[in-house]
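Chemist: If you want the building blocks of each chain, they are given just below.
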Amino acid sequence: MKRTDNNPAISNQVFSTTRRTLLKMTAVAACTGLFAVPGIASADSSKAQVDSIHFLIPGGAGGGWDGTARGTGEALKKSGLVDTVSFQNLSGGGGGKAIAYLIETAKQQQGTLLVNSTPIVVRSLMGVFPQSFRDLTPVAATIADYAALVVRNDSKYTHWDQIVADFKENPRNVKVAGGSSRGSLDHLVPAAAIKEEGLDPRALRYIAYDAGGKAMAGLLSGEADILSTGLGEALEMSKAGQVRILAITAPERVSDAPNVPTLKEMGNNTVFANWRGFFGAPGLSSEKAEEYAKVLGDMYQTDAWETVRSRNGWVNVYKPTTEFTAFLEKQEEQVGTLMRELGFLK
Amino acid sequence: MLDGILTGLSTAIMPINLFMVFVGCFVGTFIGMLPGLGPISAIALMIPITYGLDPSTGIILMAGVYYGAIFGGSTSSILINAPGCSSTVVTAFDGYPMAQKGQAGKALALAAYASFTGGTISAVFLLVAAPALASVSLSFQSSDYFALMILGLTAVAAFSGKGQVLKAMLMTVLGLMISTVGTDRSSGVERFTFGNIDLMDGISFLLPAMATFALAEVVMAVLKRDHMKEEENEADTSHLGSMKVTKEEVKEVAPTALRSSVLGFIVGVLPGAGATIAAFLAYGMERNLASVKEKLKFGTGSLRGLVAPEAANNASSSGSFVPLLTLGIPGSGTTAIMLGALIAYGIQPGPRMMVDNPDVFWSVIVSMYFGNIVLLILNLPLIPYISKLLMIPRTVLVPMILFFAITGVYLVSFNTFDIYIMVFFCIAAIGLRMLNFPMAPLLLGFVLGGLMEDNLRRALMISDGSLSFLWERPITFGIMVVTIFVLIAPIVQNFLQKRRSEEQVLAGNSQN
Chain A
1 MKRTDNNPAI SNQVFSTTRR TLLKMTAVAA CTGLFAVPGI ASADSSKAQV DSIHFLIPGG
61 AGGGWDGTAR GTGEALKKSG LVDTVSFQNL SGGGGGKAIA YLIETAKQQQ GTLLVNSTPI
121 VVRSLMGVFP QSFRDLTPVA ATIADYAALV VRNDSKYTHW DQIVADFKEN PRNVKVAGGS
181 SRGSLDHLVP AAAIKEEGLD PRALRYIAYD AGGKAMAGLL SGEADILSTG LGEALEMSKA
241 GQVRILAITA PERVSDAPNV PTLKEMGNNT VFANWRGFFG APGLSSEKAE EYAKVLGDMY
301 QTDAWETVRS RNGWVNVYKP TTEFTAFLEK QEEQVGTLMR ELGFLK
Chain B
1 MLDGILTGLS TAIMPINLFM VFVGCFVGTF IGMLPGLGPI SAIALMIPIT YGLDPSTGII
61 LMAGVYYGAI FGGSTSSILI NAPGCSSTVV TAFDGYPMAQ KGQAGKALAL AAYASFTGGT
121 ISAVFLLVAA PALASVSLSF QSSDYFALMI LGLTAVAAFS GKGQVLKAML MTVLGLMIST
181 VGTDRSSGVE RFTFGNIDLM DGISFLLPAM ATFALAEVVM AVLKRDHMKE EENEADTSHL
241 GSMKVTKEEV KEVAPTALRS SVLGFIVGVL PGAGATIAAF LAYGMERNLA SVKEKLKFGT
301 GSLRGLVAPE AANNASSSGS FVPLLTLGIP GSGTTAIMLG ALIAYGIQPG PRMMVDNPDV
361 FWSVIVSMYF GNIVLLILNL PLIPYISKLL MIPRTVLVPM ILFFAITGVY LVSFNTFDIY
421 IMVFFCIAAI GLRMLNFPMA PLLLGFVLGG LMEDNLRRAL MISDGSLSFL WERPITFGIM
481 VVTIFVLIAP IVQNFLQKRR SEEQVLAGNS QN
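As they're listed, the protein sequences go chains A and B. Note that this note's numbering numbers the first sequence so that position 254 is 254, with each residue one more than the last. Note that this note's numbering numbers the second sequence so that position 45 is 45, with each residue one more than the last.
Be careful, since some hints might not be right.
Chain A is nowhere near these chain B residues, computed Cβ spacing over 12 Å in every case [to be verified]:
hint: 1; residue: Val128
hint: 2; residue: Ala134
hint: 3; residue: Val219
hint: 4; residue: Met220
hint: 5; residue: Val222
hint: 6; residue: Lys295
hint: 7; residue: Met353
hint: 8; residue: Arg458
hint: 9; residue: Leu496
With beta-carbon atoms standing in for the labels, derived distance ranges [to be verified]:
hint: 10; chain 1: B; residue 1: Val128; chain 2: A; residue 2: Asp161; range: 50 to 58 Å
hint: 11; chain 1: A; residue 1: Asn173; chain 2: B; residue 2: Phe192; range: 43 to 51 Å
hint: 12; chain 1: B; residue 1: Thr180; chain 2: A; residue 2: Glu252; range: 53 to 61 Å
hint: 13; chain 1: B; residue 1: Pro15; chain 2: A; residue 2: Glu252; range: 51 to 59 Å
Simulated coverage check for chain B against chain A, where a stretch passes if three residues somewhere in it have a Cβ under 8 Å from a Cβ of chain A [said to hold, decoys possible]:
hint: 14; region: 179-187
hint: 15; region: 195-209
hint: 16; region: 315-328
hint: 17; region: 460-474
Read the hints as simulated data drawn from the structure, not as lab findings. Every value quoted in this text rests on a predicted model; they were computed, and no experiment measured them. Glycine included, each C-beta is placed from N, C-alpha and C at the ideal position.
Working from the sequences, and respecting the hints, build out all of it.
Modeler: Below you can see the structure in the form of structure tokens.
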């Protein structure tokens, strides 16, 4: 496919956000970006560190990437750190389409940040797309979403050990539901926890649903015993009052859910964070990358960010440029090992 | 509960809320009419506006847009054979032939009445039984969904009236095959993607639906033009016809509307199905219930074939509010967006919503009554004007449909590859149509195939590869029994009829 084919996408989808729409960020976040919202230039640009950032979102509206990019954009704009922010959704190929697009048009994309998360590592290992994070310029990881294991309110499980005991008796007793395909994070996390117990992760029954909501319905209907999902989504679900979070994969309890124990407390050392962060186009100068990383780091101090962060239950995890690259390499190795053991990689 | 209804009523009749119902229905109808742009796009468009409003008002507006879009989608299905959204694909099966016969006005009016019936009946159910139904919807497991999809497949008979049984079956299988393209969720393996990243996420239902109906239709119109006289073509469809529905016709379709509304509502309540499935199921059910003579009419402009999907898809859209509001589970993309909007308001849908935010909960439901009345009032007088679309000369109409169909599909995914796929499907569809293959079974197989397979795979995994769930789970077993009955009944009926006529012949002979 020729690169020019994608160009209409830009003009169609770019949002110039105004202060007013930013106040209503979730609104925009959920909007598919069909219709441009006319922008009113912000008059207050005195303390702006960066003139403009264009966010490239490799998925559709309403997803995790979309929420992260638009939330970050909102905070940057509202706090005055960046003058203009704009967004572009480009879905396809599990995110591969946007990566390919960013690489192909790198020269014109010096002001663009691509949002991504752990799946860029998983999917490039699996060969979903030929590129990897090495083909881009890692700018910074900004937030993390720990994984969570969720059970029904009336579930017999109150402790991870009970699950392990059932699994030891017969792996078929433990059925884990998740809102994405086999081999995705929702699958890898419980598999990693089983492996940590010295058991065979391949024996784990993972039941794949096509969306988190349907996996939740599967859990409530009783066909699965455990739901594997992100903490943010798990918190939302538990607020509805029908499920409780059994454990999370954080190194210690998180402030947004102080009553939820970690797997570590329960004697299982699985710690896993689905990071979300930003990448620049290939060949982005290191000064430019540092500049973006700095503005993202300064964002943590702002009230605007705190509003966005707490609303979404995100955890601040800041890893700028070189630190980010080193982290990615480590994660690639970690995830790669697990996937090999699970038979997803040869 | 009465308290709740009164609270809801008092909120719903506030002028601002009534106004929003009106705005929502109007905008929804309009966007829904554009081929390809369905309720998701319509709601997404409204979200930025709703953030300046009260939670109740905002959700009332979005709900209005939602059923307005499904209502409006039928208009383009009937008039130009270009489904406005995927849940109104089935409406085109009999609605468009009616329009071609010069009964566009009647078809539009019937569709409006049927939608109204579906919407109103399910609003009543929602009001009376929402919490109870929520627990029912949760008892549905993967094996039950699988059985439901199998029952849905029996609807293929509905499309094979004119000695096309084999062709209809072939197209169903083709549809099932196309539904396997993409990443297989149960194993994480890519199937039939040929290494193309754009095929990895599978093919969205909208693409074959728009390609086989909207695109193929206009291209056929252009192709036919070379052979036929222009005037004939124009005269064919530019005729609106009377909007009047006779008493006999009302009598004929009233039971259909009621049945389909109930069915549609039930399917809507299930988080794993949706309005499109509801429309297909209702159409199939109606065909199965029809007499032998009536069966032949399906696909050629049957009133019952038009009313069934229209009542069902609207009933289903109201039904989908049950899991959304009472459990916090979105059953479809559209309700997922609404869930996001509710949470952003600080309202957590779920069992506690009725206690924590009774005004929002009840006012949304009560506003559905108003919404349906508004839709009827809005749509009936407008029908003559809307149908003027048909008066537009083909030289203008054809490029317009092409434009809306292609941009509509593009605006859903922002991926140009979808347009290529659509063009590919369109070319294949034209070839198949020239060879007299019916297109509807293809869509049936496609829409049911993915769900059927996913649910079967899950059911098998849960039961450790054993097929015992087919008879061990009462719901699954019940649905399978109905399926077998539906399949066998016509054969037995046929057999009995033959024997009876043979006996009559014999009796006649012996008398001589």
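Chemist: Determine for every hint whether it applies to the structure shown.
Modeler: Going through the hints against the structure:
With a least CB separation of 22 Å from chain A, valine 128 (chain B) remains clear of the 12 Å interface cut-off, as annotated. Not every CB of chain A is more than 12 Å from the CB of alanine 134 (chain B) (nearest about 10 Å), against its label as outside the interface. At roughly 22 Å, the least C-beta separation between valine 219 (chain B) and chain A is larger than 12 Å, which holds for a residue marked as non-interface. The claim that methionine 220 (chain B) is not at the interface with chain A holds, since no C-beta of that chain comes within 12 Å of its own (minimum 27 Å).
Valine 222 (chain B), annotated as away from the interface, keeps every beta carbon of chain A farther than 12 Å; the closest lies near 25 Å. Lysine 295 (chain B), annotated as away from the interface, keeps every beta carbon of chain A farther than 12 Å; the closest lies near 35 Å. Chain A draws methionine 353 (chain B) into its interface by the beta-carbon criterion, the shortest separation being 8 Å against a cut-off of 12 Å. The Cβ of arginine 458 (chain B) sits about 5 Å from the closest Cβ of chain A, inside the 12 Å cut-off, so the non-interface label is violated.
Look at leucine 496 (chain B): its CB is around 41 Å from the nearest CB on chain A, clear of 12 Å, so calling it non-interface holds up. Between valine 128 (chain B) and aspartate 161 (chain A) the beta carbon distance is about 45 Å. The supplied range of 50 to 58 Å is therefore violated. For asparagine 173 (chain A) and phenylalanine 192 (chain B), the hinted distance range of 43 to 51 Å is not satisfied, since their beta carbons lie about 35 Å from each other. Remark: the range hint 53 to 61 Å for threonine 180 (chain B) to glutamate 252 (chain A) is contradicted by a beta-carbon distance near 45 Å.
About 53 Å separates the C-beta atoms of proline 15 (chain B) and glutamate 252 (chain A), a value consistent with the hinted range of 51 to 59 Å. Counting residues of the region 179-187 of chain B whose beta-carbon sits less than 8 Å from any beta-carbon of chain A gives 5, enough to reach three: the coverage restraint holds. Closer than 8 Å: that is the beta-carbon criterion, and the region 195-209 of chain B has 4 residues meeting it against chain A, so the requirement of 3 holds. With a cut-off of 8 Å between beta carbons, the region 315-328 of chain B has 3 residues touching chain A; three or more are needed, and the interface restraint holds.
Counting residues of the region 460-474 of chain B whose beta carbon lies closer than 8 Å to any beta carbon of chain A gives 3, which meets the minimum of three for the stated coverage.
The structure shown violates the earlier hints numbered 2, 7, 8, 10, 11, 12.
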